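Asks: Spelled out from the first residue to the last, the chains are:
Number of protein chains: 4
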Amino acid sequence: MKVAFIGLGNMGGPMALNVGKAGHTLSVFDLSAEACRKYAAEGLSVADSAAAAVAGADAVVSMLPASRHVEALYLGEGGLMSQIAPGTLVIDSSTIAAATSRKLAEEGGKRGIAVIDAPVSGGTGGAVAGTLTFMVGGSEADLERARPLLEKMGANIFHAGGPGAGQTAKICNNMLLGVLMIGTSEAIALGVANGLDPKVLSEIMRRSSGGNWALEKYNPLPGVMETAPASKGYAGGFGTDLMLKDLGLAQENAAAVRAATPLGGLARNLYAAHSLAGHGGLDFSSVIKLVQPKSA
Amino acid sequence: MKVAFIGLGNMGGPMALNVGKAGHTLSVFDLSAEACRKYAAEGLSVADSAAAAVAGADAVVSMLPASRHVEALYLGEGGLMSQIAPGTLVIDSSTIAAATSRKLAEEGGKRGIAVIDAPVSGGTGGAVAGTLTFMVGGSEADLERARPLLEKMGANIFHAGGPGAGQTAKICNNMLLGVLMIGTSEAIALGVANGLDPKVLSEIMRRSSGGNWALEKYNPLPGVMETAPASKGYAGGFGTDLMLKDLGLAQENAAAVRAATPLGGLARNLYAAHSLAGHGGLDFSSVIKLVQPKSA
Amino acid sequence: MKVAFIGLGNMGGPMALNVGKAGHTLSVFDLSAEACRKYAAEGLSVADSAAAAVAGADAVVSMLPASRHVEALYLGEGGLMSQIAPGTLVIDSSTIAAATSRKLAEEGGKRGIAVIDAPVSGGTGGAVAGTLTFMVGGSEADLERARPLLEKMGANIFHAGGPGAGQTAKICNNMLLGVLMIGTSEAIALGVANGLDPKVLSEIMRRSSGGNWALEKYNPLPGVMETAPASKGYAGGFGTDLMLKDLGLAQENAAAVRAATPLGGLARNLYAAHSLAGHGGLDFSSVIKLVQPKSA
Amino acid sequence: MKVAFIGLGNMGGPMALNVGKAGHTLSVFDLSAEACRKYAAEGLSVADSAAAAVAGADAVVSMLPASRHVEALYLGEGGLMSQIAPGTLVIDSSTIAAATSRKLAEEGGKRGIAVIDAPVSGGTGGAVAGTLTFMVGGSEADLERARPLLEKMGANIFHAGGPGAGQTAKICNNMLLGVLMIGTSEAIALGVANGLDPKVLSEIMRRSSGGNWALEKYNPLPGVMETAPASKGYAGGFGTDLMLKDLGLAQENAAAVRAATPLGGLARNLYAAHSLAGHGGLDFSSVIKLVQPKSA
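Chains as they are written, first to last, in the numbering used here: chain B, 18 to 313; chain R, 18 to 313; chain U, 18 to 313; chain G, 18 to 313.
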């Protein structure tokens, strides 16, 4: 199978490498010449343009930063939608507005191009290890076509529903994650302010009704969990500004459907304050700083 | 061992029965004559007063609604502290301000009475089944003295730290739980507003980084989880007004130690709005109504 | 001067009538045939299309519901930008995203068409009475050209800055207003819950450091201020769903510039909850219901 | 008239001086020997104890930091309630829990001592200048008895209602003020992030429906208003930690009466975060830093 891969950033690059290792004929492209050189050096075949990359491809995978990049790539004048052959499968793994994913699927539908939205979670570590989680929007049949490729890049594949549903599932999940992380940070900070041992308190809550993913895998207080970003200076992991972007998408979506998300909205604005304080590049669990005494 | 048990409400009554079944000589009391009659009918030996109940007791267990009741029972003029013999162990399982628990322990210390705070989670179901979780504040030695009794009433016993730490651990946990439940409700409601199947979305988030106790055990949307209060008209479980009380204690504590808990504070006020709307008697997971269209 | 007016809704219709009364040659249009009939009956000259309305116009005024309508009117294929003669002045009074206003101004700039954004506050009452407040974005010179027309429709004209600044000023103001109204509602409800007389409390706060527009002009509690919507069943005024839209625009803008607006974001989500509870059509001051006992 | 004044802190000291200047026979006391020396040097007659100060007084004024100090002064064993002669008027100007004020009034009632709660706003500047605002709880007759004294210390005297109503009115007002200040800060910061001139935006909002006390008297952005604390390095004024205390009292009160105050609760927690970040000693308008880029 011939595969085109567009977008070789921190996530897309390692994902493309995993597809390449699986023995597919792969043609890749990125607007950044530097990214192209980097992955050419890793042995990938770099095309001269996105259009050249998709020529003759059975499947196209894209991994771009935001809605406007996806619109520009596929839908603008001379966009890929007019270059890709009917019958091709397009897997867009970018995290973007659900409305944009639906527009893409609709446009594909008119031309006989199958489109699924397949945003991921799992971070750059998961991208390298091929253990990402995919949340897929589109028809079941198209997901089955995509599955062999997705399995090269990820360990969990969820079918969320029709076009755009992958995006919606992801922002719902990440909005909840943003809330969990701040809520967990507040509970730990409150305990510490009362003199409790944070390891003891974290373990009690983990095994009680406060139990959640942050307490299981990603404790925000340095020293509680050796492998967590908190214990490594909040390096690596999932950056504050990426969480901020996802929470912004959730609020954009909430506005579009008139949903009420008071904690999700507050989480977005607290991450924004945390970013304004200069912590945008740190792992998102560093948000605990917002509720800790400064010297801590 | 002779045990006195003060406070025979929805929680205290079944807890006392479990202590009684274990073969201890038990003397119980409640200010409500009706409660006394009810548990006399269940075979418990009802004393004429709290003072009479504790006479000659090796251990005293109390389960009262709020700080002021605990202060009145133990610390007022003629309070139990002046009635209980030195060497006795006092286990206060009421959920109250940590400061009150510390005052009780201090007062006990002056008189050679060992005091631990041991608030519970697990609801009336756990009280009846003897599967409560105890979060204990006090010395390790006193906790070990109490353990045989606690094991008659509960399945999990955590040592949170010194006097008052049981209270702090409980309000930290319940504050986090209050946040998790609203955050989970918002995420599900947002997905539903976008046309997602709530069962599918709940399962995706449960297995992803949004995973938390509410998604595991207590989904707030009717029909997703058969055994959850949501699927039984929000009956039983842990009432909105009890959650509201615990979140109020958390804010009182946060004010006392100058902690910042933005999501915890908002959760308290959203439960208050939910209660004002007439839902104080429903299970606390009914808070999802606040973010659902009215007809839903 | 020949003026075209596009958009004859609850706001646009009365605004067009005021322009007409001032003696300008006026050609109007709305996509709704009903609206066209209504204002034809009021004596306005209705064109067959937007393009026909703007033919030969010295100035074009538009008043549309949302960004997408403005984009469709001016920027789409065959949009007005390609129909309007160079040298014409365009005054867009719609409340839309600042980014859309800037795009419009830029597009106009390429074609020699002067564009200002001039969103209004003051509600339908102000539209009828010609007492609206205009917040204008664009060059000072273009504002001076527009001033005679704006003065027919409004009483206050503020120059907020360059293109889009009118929109930004309006959403900043309305975000603050949304916050003021809920904050004032909470303060009054808290006082009432403590047994205070709401008139006395409102007057104390109005004359103290809690003083704000809501306490001056628009008390949210029925009976405190006879002329306020609260005392008329929350009819008329500025609807909850319109406030919800503006607060959504503010959050969209905050996401775009990475600003932190915790109270503004919470206000948006509380209005959303209020709307979901079935109050979207009531005046926005009815949000006090969210913090009142149900029977109140 | 013989007046006793207890509590010579930053507020109480200047208030006592103003009473002294008015020609009353004044006997003052403070637990701090340093404060006593300072006001002895200013010419006030310092008593050896609170009990000595109130001996023979027609009126007692107190100005203490918190509920526990007021309880200790008046209600403890040997407290002033047992020292003050029947018929005396007690004016407690401390900002404390309404419940404590009511307890004091009740205790006074039993002994024929008239008690009013009369917390103030206006800051140390107002205390020195004698321009404080008093919010009074108690009977109208007792307020009239107090009025001549209050007029020596303040410019505005409001009767809020029965015992405790002064406290409630004050925390309602200050909760609203806390909300206004953050809301105003957010609106200005959002405008600035969009390139607006903060002076222009502030003026537009001040004259529109966003108008409030902060925009009138106390703009939080340095440089907008020369006389505001913001333009003096946030020195003087009303400190962040004092606002934090008042917002904590408001939440304590809301918990006691089961009121919902989502913005008020969030404001408390945002001030707490601001204080944790090291800004507790700055004027409360410095909370704008929380929503500004760090370098700003």
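By construction, these hints were calculated from the structure, which means they are not laboratory data.
It should be emphasised that the depicted structure is a prediction, and the values quoted were computed from it without experimental measurement.
Be aware that one or more of the hints could be misleading.
Unchecked claim - What the simulated footprint calls covered on chain B by chain U, stretch by stretch (three residues with Cβ under 8 Å from a Cβ of chain U suffice, anywhere in the stretch; the number is not a length):
id	region
1	190-202
2	271-284
Unchecked claim - Here are the simulated lysine-lysine pairs, DSS-like style, with alpha carbons at most 27 Å apart:
id	chain 1	residue 1	chain 2	residue 2
3	R	Lys169	R	Lys55
4	U	Lys216	R	Lys249
5	U	Lys216	G	Lys127
Unchecked claim - Chain R residues, not near chain U, derived (Cβ > 10 Å throughout):
id	residue
6	Glu51
7	Glu233
8	Pro279
9	Ala290
10	Ala294
11	Gly295
12	Gln309
13	Pro310
The beta-carbon is built from N, C-alpha and C at its ideal position, and this holds for glycine as well.
Asks: Would you say glutamate 233(R) is clear of chain U, with no C-beta pair closer than or equal to 10 Å?
Replies: 26 Å, holds
Asks: Can you take a look at whether the region 190-202 of chain B is actually covered by chain U? Rule is 3+ residues, C-beta closer than 8 Å.
Replies: As far as the region 190-202 of chain B goes, the hint is violated, because 0 residues have Cβ atoms under 8 Å from chain U.
Asks: At 10 Å, judged by beta carbons, does proline 279(R) keep clear of chain U as stated?
Replies: 7 Å, violated
Asks: Would the non-interface assignment of glutamine 309(R) survive a Cβ cutoff of 10 Å against chain U?
Replies: 6 Å, violated
Asks: Regarding the assertion that alanine 290(R) does not contact chain U, is the least Cβ-Cβ distance greater than 10 Å?
Replies: 6 Å, violated
Asks: Holds or violated: is the Cβ of glutamate 51(R) farther than 10 Å from all Cβ atoms of chain U?
Replies: Holds: least Cβ distance 29 Å, greater than 10 Å.
Asks: Confirm or reject: glycine 295(R) is not an interface residue toward chain U, with every Cβ-Cβ distance exceeding 10 Å.
Replies: Check fails; 4 Å does not lie beyond 10 Å.
Asks: Can we confirm that no CB of chain U comes within 10 Å of the CB of proline 310(R)?
Replies: Since the minimum Cβ distance to chain U is about 5 Å, proline 310(R) lies within 10 Å and the statement is violated.
Asks: For the region 271-284 of chain B, do at least 3 residues have a Cβ located nearer than 8 Å to some Cβ of chain U?
Replies: Since three or more residues must qualify, the claim that chain U covers the region 271-284 of chain B holds, with 10 doing so at under 8 Å.
Asks: Hey, lysine 216(U) versus lysine 127(G), does the alpha-carbon distance stay inside 27 Å?
Replies: Violated. Lysine 216(U) to lysine 127(G) sits at ~31 Å, over the 27 Å cutoff.
Asks: Lysine 169(R) and lysine 55(R) were given as a pair; does the straight-line alpha-carbon distance stay at or below 27 Å?
Replies: 21 Å, holds
Asks: Given the proposed pairing of lysine 216(U) with lysine 249(R), does the C-alpha separation stay at or below 27 Å?
Replies: Judged against 27 Å, a Cα distance of about 44 Å means the pair is violated.
In the structure shown, a violation is registered for the earlier hints numbered 1, 4, 5, 8, 9, 10, 11, 12 and 13, in ascending order.
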